[in-house]
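Take these sequences, add in the hints, and give me the full structure.
Here are the chains, one letter per residue:
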Amino acid sequence: MTNFAQNSRAVYTPGQDDAGTCFNIQDVNLYYGSFHALKDIHMDIPARQVTALIGPSGCGKSTLLKSLNRMNDLIPGCRITGKVELFGEDIYAPQTEVNLLRKRVGMVFQKPNPFPMSIYDNIAYGPRTHGVRSKVKLDAIVEHSLRKAALWDEVKDNLKKSAMAISGGQQQRLCIARCFAVQPDVILMDEPTSALDPISTSKIEDLVLEMKNEYTIVIVTHNMQQAARISDLTSFFLLGEMIEMGNTDSLFSNPTDKRTENYITGRFG
Amino acid sequence: MSETGATTPAVDITVPTRPSMHLGSRFLKALCWAAGFVTIGVLLLIIAYILVNGLPEFFSRDEQGTLHFKASLFALKYNSRNLSMLPAILNTLTMTALSLLISVPLGVGGGIYLAEYAKPGSKLVKIIRVTAETLAGIPSIIYALFGMLVFVVTLKMGISMLSGALTLGTMTLPLILRQTEESLLSVPMSYREGSYGLGAGKLRTTVRIVLPVAMPGILAAVLLSIGRISGETAALIFTSGTGTGIAGINDSGRTLAVHLFKLQEEGRAVGASFAVAVVLLIIVVLMNALSSFIAKRLTKKG
Numbered sequence: 012m013t014n015f016a017q018n019s020r021a022v023y024t025p026g027q028d029d030a031g032t033c034f035n036i037q038d039v040n041l042y043y044g045s046f047h048a049l050k051d052i053h054m055d056i057p058a059r060q061v062t063a064l065i066g067p068s069g070c071g072k073s074t075l076l077k078s079l080n081r082m083n084d085l086i087p088g089c090r091i092t093g094k095v096e097l098f099g100e101d102i103y104a105p106q107t108e109v110n111l112l113r114k115r116v117g118m119v120f121q122k123p124n125p126f127p128m129s130i131y132d133n134i135a136y137g138p139r140t141h142g143v144r145s146k147v148k149l150d151a152i153v154e155h156s157l158r159k160a161a162l163w164d165e166v167k168d169n170l171k172k173s174a175m176a177i178s179g180g181q182q183q184r185l186c187i188a189r190c191f192a193v194q195p196d197v198i199l200m201d202e203p204t205s206a207l208d209p210i211s212t213s214k215i216e217d218l219v220l221e222m223k224n225e226y227t228i229v230i231v232t233h234n235m236q237q238a239a240r241i242s243d244l245t246s247f248f249l250l251g252e253m254i255e256m257g258n259t260d261s262l263f264s265n266p267t268d269k270r271t272e273n274y275i276t277g278r279f280g
Numbered sequence: 029m030s031e032t033g034a035t036t037p038a039v040d041i042t043v044p045t046r047p048s049m050h051l052g053s054r055f056l057k058a059l060c061w062a063a064g065f066v067t068i069g070v071l072l073l074i075i076a077y078i079l080v081n082g083l084p085e086f087f088s089r090d091e092q093g094t095l096h097f098k099a100s101l102f103a104l105k106y107n108s109r110n111l112s113m114l115p116a117i118l119n120t121l122t123m124t125a126l127s128l129l130i131s132v133p134l135g136v137g138g139g140i141y142l143a144e145y146a147k148p149g150s151k152l153v154k155i156i157r158v159t160a161e162t163l164a165g166i167p168s169i170i171y172a173l174f175g176m177l178v179f180v181v182t183l184k185m186g187i188s189m190l191s192g193a194l195t196l197g198t199m200t201l202p203l204i205l206r207q208t209e210e211s212l213l214s215v216p217m218s219y220r221e222g223s224y225g226l227g228a229g230k231l232r233t234t235v236r237i238v239l240p241v242a243m244p245g246i247l248a249a250v251l252l253s254i255g256r257i258s259g260e261t262a263a264l265i266f267t268s269g270t271g272t273g274i275a276g277i278n279d280s281g282r283t284l285a286v287h288l289f290k291l292q293e294e295g296r297a298v299g300a301s302f303a304v305a306v307v308l309l310i311i312v313v314l315m316n317a318l319s320s321f322i323a324k325r326l327t328k329k330g
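Residue numbers (this note's numbering), protein chains in the order written: chain W, 12 to 280; chain U, 29 to 330.
Hints were generated in silico from the structure; no laboratory data involved.
Here the structure is a predicted model, which is why all the values come from computation and not from measurement.
Each hint should be verified, as a subset may be incorrect.
[To be verified] List time: in silico SDA-like cross-link candidates among lysine to any residue, alpha-carbon distance up to 25 Å:
#, chain 1, residue 1, chain 2, residue 2
1, W, Lys122, U, Met217
2, U, Lys290, U, Thr272
3, W, Lys171, U, Val235
4, U, Lys147, W, Arg81
[What the hints assert, rightly or not] So the derived list for chain W, only partly shown, Cβ under 10 Å to chain U, looks like this:
#, residue
5, Pro105
6, Val109
7, Asn124
8, Pro125
9, Asn133
10, Cys190
11, Phe263
Note that CB positions come from ideal geometry on N, CA and C, so glycine has one too.
Okay, here's the thing in structure tokens:
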């Protein structure tokens, strides 16, 4: 299933049995001012699979994640070259509507960031943004999204309650439900469990495994056990370069690059 | 020094265990309490003094010694016998509304521009910021001169409520602008990211997510402005004047604060000015309550 290119940068090529390529990343370089944060990234992210990005802090994995739904547009002085295609469409093309891109490519952040409003309004915010006005429809979307995020039973009697009043783990599942509500193709997750306790973490991990039936998941994680547990593919980053990408099992059991081996065996990072 | 692990330091490094409330922290605590009491005490003293001196002014005793409410204080027309403050009350409300109508949209709009739209750290932002800060610190008599020369004379608006409102609008604008900007900047970036991440645009993110969170700060600036407008005398005497009637936009009219000042200055009805102070106090409290209510209603809708 996995082929590696001849040079030191390994490139994953999806096989025949896949749902196709979701993101096709070609020759991406990204700069924060004069700092070269991503160097010549080539990578294909397959659809309906979980792809984990691992690597030590500051290696560029979160930066790459942010460049997939153009959240890096918000960072002053950030400049990107190369090409990122989402199902064949260049997302950095001038005619790309960023808001529509972000509707297709949702994001879950490191720290749960529900809006300071009710649970219901948090979920309804996205659909309302995209023009859903009917109360019946919104009710249905809210229930459906919360059920999918395994949160419905915990909050169904308190939908009017402030989202700031529920626990951190619930807040993070609320943020995932909020993503579901705008019906994206892809969900990007930036260390979604790093602020959570082990039980909440395992709930989110279970959720991720279910989500991949419907969504393409790209997840940044510092926790290598987590990457091993939930991802199909893993990509290792170091100092802005993608060192190696491959099937998670083979990357963890049999890394081709010495640096990958050092990292996953805990010799640095 | 030996090279193997722990060494014996040359100085005593034991950390003492002090009693939890040693003298220094007790003193500090007392100081904080004292500061709090003085603040509240001064406020209560002012209110009590005004009420004690002002409330009796609302009543008069007839020959039999029974108390009567002096309804003439609220007669539609002012004259030097009834000293009616009703025109001044209405003028105060008009003046506050007109001034806020000028400074709130401009100030909040400008604040939103500075915090959300302008390129952070750009030259223009810095200039606007320094200008606003300088303007906020200028004494109101300077605004009076400016208002008189620009609005009254040059723009030929005459001594009128409009000239006064424009002057007070200019005066309170920097306060609202700066406070709005500060409040917006203190809204966590993560809210904006969450909103953009769902495909919401800048306008929707600002209006629906950021502004409601910043609302208490903006409201505080509006309340402060109401206080400044209803308490202002210097800037108004030269711009909206001391007309005694219920003033339209183009008429000269005195607000309660100007009325109070005139009564005191003329020296013939010092007692009545305390009655004015009581009313002014009540009006400011009511206007504050009203604007909190409006702000709450504005931010409720999701």
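**Prompt:** Which of the numbered hints above does this structure break?
**Reply:** 5, 11
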